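J.: Counting in the working numbering, the final residue of the sequence shown is number 145, and the numbers go up one at a time with none missing.
A couple of the hints might just be wrong.
What the hints assert, rightly or not - Within a straight-line C-alpha distance of at most 25 Å, the following computed BS3-like cross-link-like pairs (lysine-lysine) qualify:
| id | residue 1 | residue 2 |
| --- | --- | --- |
| 1 | 29 | 108 |
| 2 | 138 | 4 |
| 3 | 29 | 4 |
Claimed, not checked - So the derived label-pair ranges between C-beta atoms look like this:
| id | residue 1 | residue 2 | range |
| --- | --- | --- | --- |
| 4 | 69 | 114 | 32 to 40 Å |
| 5 | 80 | 4 | 22 to 30 Å |
| 6 | 30 | 112 | 14 to 22 Å |
| 7 | 63 | 13 | 32 to 40 Å |
| 8 | 22 | 131 | 31 to 39 Å |
Source of the hints: derived by calculation from the structure; they are not laboratory data.
In this text, all values refer to a predicted model and were calculated from it rather than measured experimentally.
All residues carry an ideal CB built from backbone N, CA and C; glycine is no exception.
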Amino acid sequence: MKIYFCGAIMGGREHLPVFQHVVSRLKSLGHVVLSQHVADPNVLEQEQTVAAREVYERDVGWLRLSDAVVAEVSTPSLGVGYEVACALQLGKPVLCLFREGLSISKMITGNSSLGLTVATYGTVEELDQHLDGFLKNPGRPRC
């Protein structure tokens with residue numbers, strides 16, 4: 003399956019180890035992660051040399067190509083929110099993950115879109131359980 007991974011790039015880099023774990027896990031399960039650069043520690047430097055229009059066209063193109071979207075939403079991000087909304091409009095199943103104990107936007111938690119799953123995790127094991135459940139049947143929402 004082709005997976006589009008979302009995570010905050012401009013802020014929230016303290017979640018980088020989680021991003022790296024998610025991307026590694028997806029790849030180890032045989033999935034193609036179209037946006038694996040989000041988990042690269044040097045992504046800010048890499049993205050500085052790319053024009054805004056190119057980033058938009060590249061990322062929307064990858065969203066269109068993807069079979070599903072996994073978003074780590076622990077850190078508020080305009081880009082991640084936009085990507086989640088775009089994916090849902092395209093009819094893509096979306097898993098939004100966030101760290102237990104954090105409050106996230108009600109635009110995510112209050113969204114009743116059929117393709118959206120929102121899950122909290124406290125441990126890597128819980129994170130993996132949510133990923134595995136979603137990937138077995140990405141079209142079935144869970145909350």
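J.: Compare the structure with each hint and give your call.
T.: Now the hints, each set against the structure:
no.	hint	verdict
1	29 with 108	violated, 30 Å
2	138 with 4	holds, 14 Å
3	29 with 4	holds, 10 Å
4	69 with 114: 32 to 40 Å	violated, 22 Å
5	80 with 4: 22 to 30 Å	holds, 24 Å
6	30 with 112: 14 to 22 Å	violated, 33 Å
7	63 with 13: 32 to 40 Å	violated, 24 Å
8	22 with 131: 31 to 39 Å	violated, 18 Å
Taken one by one, the earlier hints fail for this structure at numbers 1, 4, 6, 7, 8, listed in ascending order.
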